[in-house]
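One line per chain: the protein sequences are P and E, in this order. Residue numbering for the first sequence follows my numbering, starting at 879 and increasing by one per position. Residue numbering for the second sequence follows my numbering, starting at 19 and increasing by one per position.
Only true hints are included.
List of simulated lysine-lysine pairs, DSS-like, C-alpha gap at most 27 Å:
no., chain 1, residue 1, chain 2, residue 2
1, E, Lys202, E, Lys215
2, E, Lys306, E, Lys215
3, P, Lys1221, E, Lys229
4, P, Lys1034, E, Lys26
5, E, Lys35, P, Lys1034
6, E, Lys208, E, Lys306
7, E, Lys281, E, Lys306
8, P, Lys964, P, Lys932
9, E, Lys362, E, Lys80
10, E, Lys362, E, Lys119
11, E, Lys80, E, Lys326
12, E, Lys215, P, Lys932
Treat the hints as calculated values from the structure; they're not laboratory data.
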Amino acid sequence: MEDIIKNALEAIPVLGHSLANLLGTPPGVYVVMAALPLVFILLYALVTLYMEMKVSAHIQDRLAYMYTGWHGVLQPVADILKLIQKEDTIPAAADKPLFILAPYLVFIGTYAGFAAIPFSSMYVGSDLNIGVLYIIAVSSIVVVGILMSGWASNNKWSLFGAMRSAAQLVSYEIPSALAILVAVMITGSMNLQEINHFQDGGIQNWLAFGGPLPIAKKLLLMPFTLTTFFILFVASLAEVNRTPFDLPEAESELVQGFNTEYSGMKFAIFYMAEYANMFLVSGVAATLFLGGWGSPFGSFMSGPVWGVFWFVLKGMFFVFLQVWLRWTLPRLRVDQLMYVSWKVMMPFLFVCILAVGMILSF
Amino acid sequence: MIDTLPIKTSTGRPLRKEEMVINMGPQHPSTHGVLRLEVVLDGEIVVDVIPHMGYLHRCFEKHSEHMTNYQQVIPYADRMDYLASMNNDWGYALAVERLLKIEVPPRVEYIRVIMAELQRIASHLIAVGTYGIDMGAFTPFLWCFRDRERILDLFEMTCGARLLYNYIWVGGLSHDIPPGFVDKAKAFCKYFLPNIKELNDLLTYNTIFVKRTADIGVLPADVAINYACSGPMLRGSGVSFDLRRDDPYGVYDKFEWNVEVGKGEMGTLGDCWDRYIVRVREMEQSVKIIEQALAAIPEGDVQSALPKRIRPDAGEIYVRTETPRGELGFYVISDGSATPYRVKARAPAFVNLSVMSEISRGCMIADLVAIVGSVDIVLGEVDR
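The task is simple: from the sequences and hints, build the whole structure.
In structure tokens form, the structure reads like this:
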């Protein structure tokens, strides 16, 4: 035991030294840039877990956690500690490598999306010139992970959930991509940071309200951009499997859907991926249509640090909306879900794209 | 529907597509207990459903024959439909009373009506709330439980128990209602009516909920009658039949109330939504009955008619009462001894469940959940 402590103490300066070395080099910068969103996701997941429980409880006329810390603020930590300690069972008939890989793949798909999200004018993981396209592409990995988990579980209910999930995500990516296209048409860029700069100058310049265009064009655009924004939000609900589109894990139908057989930390990672995904789609919606890190009051309270504040605030607002909807609405059926996507959202979006294109061309 | 596709696998066998047989239950969250449904699926479409029951069989009928007297069967009747124990007790007590040919005092009759209707509300609250969960809406469930809690508090102050009461005895009641009960029950009625409206706003008329339940699991009136369905299941199909009105027992004929039937408002007559709305409206009617009964409750001793020893003459009787789930019948045969020779219970949930595979063929798996929920089974009663 003493040896271990001694070795550990000796290792600390070495570790510090190597960290300093790492920071001095370009790979070091990358590591830090990559780690920041991860830290954010972990903290955010704790906060959202707590928020979801409290919001649901107050909607349902009860109190939720009250004993672990002040009003139960430490309960999310306790929950995660419990999940870490739990036995991580793998069903005997499961396809072991795929079963283990699946939750991480789901998380990676979401986490990679964070790379292109501008948290502030000074911080974006990777300032890609095709940032929007990248996010749409990389978040499709989630489908692969979910299908993998359903197949590897060797459970009919899980497979059912996975199949539903694949169908749902594929059909809802199209409306959300089309909605994003409207924003790209107006700003003329796929770089999220540029889209953000385009909307500088306060609430009147946000794309949801027509963007910083001449007033006549702006008023003409407004109904279409607002519709597009609304559709993007609804489609994003479906992409993160939240009510009323939570069919892949519809517990009253499919037991727990694709993650039925998962327990312990793997289950926690599925959950963390879901929460991270909630913020990712909210962040994309906020960046594209609500000015991202821009302050709603023009130059008042704006700046790189305030930018983080505004961005997280806007993102959390949408996360709150998702939580609110979840504890209010029932769930759609599979065919109704497809109906909403293909027969309601798509025609509306086509009209929006056509109209926006015509207005912009004048 | 096993088709052969024009593709061969690597082993040379033709690739087949076939139906998937999947077990829903006994540990499935929305089978409302330990019901097992053997579901044959073609993708998401249900080809056939075969309900398997018996996981909760506790030999109620055989036990009844081996008690030392008639009164001891009542706790077992409690445990049949554990969400509506008062109604079950009353059914059995009524059967034995008619076998003994005794009359109970009017105060007992009134208290029995109040308790049975409170129990009906509590049971329907669970049916409605869990139906919300089946549809993916969690909040109505918690709201329903909040209100049910108040009813259980009333029961607790009356007889000390919250779920299994052993309250309605042959010839009387185990306790009189305590002081303050009438006021509290009146306060509950006043508190509860606005909550039904709130529930309707949140769930009943929610577009998604209506889309999920209307035109699903349509049970035509003739099929319902052929399968001997009863209770909200039958009334949801538009058949106005309620034993409280059509074969009156207790003092139900003294009150003003209506029998609610489905009208096919949101879709076809007899769909899941109709069965659901019948339950919601029955709660309002029950409140009406309770308010009238509370206002007119006479004085008296609730135990004056309790028989010293229950030893009915040899004979048999069939008595049916209306529980929240439908027609609960007790067929009791006496051979003149102190224990029943035979007790047969006609459980409404069991009979209603039998129509399930008939109405759920061709629906989707999510609709199957909606249909099971709308039948409102309690497995304790199905399996007895």
